[in-house]
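**Student:** In order, the protein sequences belong to chains G and B.
Under my numbering, residue 469 is the last one in the first sequence; the count climbs by one each step, no gaps.
Under my numbering, residue 469 is the last one in the second sequence; the count climbs by one each step, no gaps.
Treat the hints loosely; a few may be bogus.
Where chains are identical, the list cannot tell them apart; a pair therefore holds if satisfied intra-copy or between any two copies.
[Said to hold, decoys possible] Derived pair list, reagent style EDC-like, types lysine to aspartate or glutamate, alpha-carbon separation capped at 20 Å:
# : residue 1 : residue 2
1 : LYS404    : ASP431
2 : LYS332    : ASP352
3 : LYS404    : GLU365
4 : LYS332    : ASP307
Everything labelled a hint here was simulated from the structure, so no lab data went into it.
Quick caveat: nothing in here was measured; it's all calculated off a predicted structure.
2 protein chains.
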Amino acid sequence: MRSADRAAETSWSARECELLAVTLQLLQEHGYDRLTLEAVATTARASKATLYRRWPTKAELVLAAFVEGTRENKVEPDTGTLRGDLISLGESICAHVNTHASTIRAVLVETSRIAELDAMMHEQFLDERKAFMTHVLARAVERGEISANAITEDLWDVLPGYLIYRTVLTGRSPGPQTVAHLVDDVLLPSLTRHA
Amino acid sequence: MRSADRAAETSWSARECELLAVTLQLLQEHGYDRLTLEAVATTARASKATLYRRWPTKAELVLAAFVEGTRENKVEPDTGTLRGDLISLGESICAHVNTHASTIRAVLVETSRIAELDAMMHEQFLDERKAFMTHVLARAVERGEISANAITEDLWDVLPGYLIYRTVLTGRSPGPQTVAHLVDDVLLPSLTRHA
Numbered sequence: 275m276r277s278a279d280r281a282a283e284t285s286w287s288a289r290e291c292e293l294l295a296v297t298l299q300l301l302q303e304h305g306y307d308r309l310t311l312e313a314v315a316t317t318a319r320a321s322k323a324t325l326y327r328r329w330p331t332k333a334e335l336v337l338a339a340f341v342e343g344t345r346e347n348k349v350e351p352d353t354g355t356l357r358g359d360l361i362s363l364g365e366s367i368c369a370h371v372n373t374h375a376s377t378i379r380a381v382l383v384e385t386s387r388i389a390e391l392d393a394m395m396h397e398q399f400l401d402e403r404k405a406f407m408t409h410v411l412a413r414a415v416e417r418g419e420i421s422a423n424a425i426t427e428d429l430w431d432v433l434p435g436y437l438i439y440r441t442v443l444t445g446r447s448p449g450p451q452t453v454a455h456l457v458d459d460v461l462l463p464s465l466t467r468h469a
Numbered sequence: 275m276r277s278a279d280r281a282a283e284t285s286w287s288a289r290e291c292e293l294l295a296v297t298l299q300l301l302q303e304h305g306y307d308r309l310t311l312e313a314v315a316t317t318a319r320a321s322k323a324t325l326y327r328r329w330p331t332k333a334e335l336v337l338a339a340f341v342e343g344t345r346e347n348k349v350e351p352d353t354g355t356l357r358g359d360l361i362s363l364g365e366s367i368c369a370h371v372n373t374h375a376s377t378i379r380a381v382l383v384e385t386s387r388i389a390e391l392d393a394m395m396h397e398q399f400l401d402e403r404k405a406f407m408t409h410v411l412a413r414a415v416e417r418g419e420i421s422a423n424a425i426t427e428d429l430w431d432v433l434p435g436y437l438i439y440r441t442v443l444t445g446r447s448p449g450p451q452t453v454a455h456l457v458d459d460v461l462l463p464s465l466t467r468h469a
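Isolated chain G (complex conformation) (with noise of 0.2 Å):
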């Protein structure tokens, strides 16, 4: 079910979706700047033609490989409580973002630059995120874990954007430590307050 509901959500044909996992596998090899579409062709037995019609720029090939990569960690996490739900998702950031420090870093630049490729980041991606939050939030409200005026449409990013933070700007990596402290220490104490 699962799966089939991720399949649906990809805009991208099959042999799109290929060459996408290429992309993602030159960048983690050689970084944003070494990239080039004819490597990418070449790795993926691709006409460069084919590259361009779908994706002018380097830079919207690069963002679309990056949230299709994303797709593979958004099994949405329903363990029963909304500890072991915020931990699980807080360690699938980590593990992507981890993974993808130096993409991300190169694709902030260009999105700054480039209104669409903004848009295309907020819409695919963060948006994203949002949702999974929402879901996770809402059922702790089901369960009687928190009360529903505990989330904020302000700043129910906290966790996402803290553990990102961590990877991109400061170079000290959360690992799974740093998610259970954030969880038990930060989030947890905030959620349950008016409990």
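For chain G, the structure is supplied; the task is to place chain B on it using the hints.
**Tutor:** Just chain B, lined up with the frame of chain G:
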């Protein structure tokens, strides 16, 4: 007293501080990509040789200018309450980061490429932020507002981290209301959880 402290902390001469101020000004006007050392030299009526001697690359010059620029925001808060200090710290971080978001993005890419720049970013920027937060929390412990074990080495930077993430990665730039929510709904429930 405080301005004397600040003057003592800077490692630049008065003339060098002028050059860095011009750099920061041009960065805000034109962005990282379009900034040239020539333009800095011309605007500051300096020779290019003077600039290159101190800062051999554009990335080094820009990082130095950014770090020096934070010095102006570096009046350590001492409002008499933990809440007051955290709000003051958060608002000054927002003001600085909102102004320099595009510079931070550009510097991030450079610091991930060049180890010396990364070390400079840590020593001169992140470590100073940490010292500030440590003082604010230590005073709150002295006043009996929080327990000493509320402070963890791992999570000292949730306040600056989340605010920087919001500005640099999401475009949802935080203002005073976000700072107040973060302090009242997240940080204080976390820091006072042992009280």
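**Student:** Which holds for LYS404 with ASP431 at a C-alpha limit of 20 Å: within a copy, between copies, both or neither?
**Tutor:** within (7 Å within a copy, 22 Å between copies)
**Student:** Given a CA cutoff of 20 Å, do LYS332 and ASP307 count as a within-copy pair, a between-copy pair, both, or neither?
**Tutor:** For LYS332 and ASP307, the Cα distance is within 20 Å both inside one copy (10 Å) and across copies (18 Å).
**Student:** Reference check for the pair LYS404 and GLU365, CA-CA at most 20 Å: within, between, both, or neither?
**Tutor:** For LYS404 and GLU365, only the intra-copy Cα distance (16 Å) is at most 20 Å; the inter-copy one is 25 Å.
**Student:** For LYS332 vs ASP352, is the C-alpha pair at or below 20 Å within one copy, between two copies, both, or neither?
**Tutor:** neither (36 Å within a copy, 48 Å between copies)
Violated hint: 2 only; the structure is consistent with all others.
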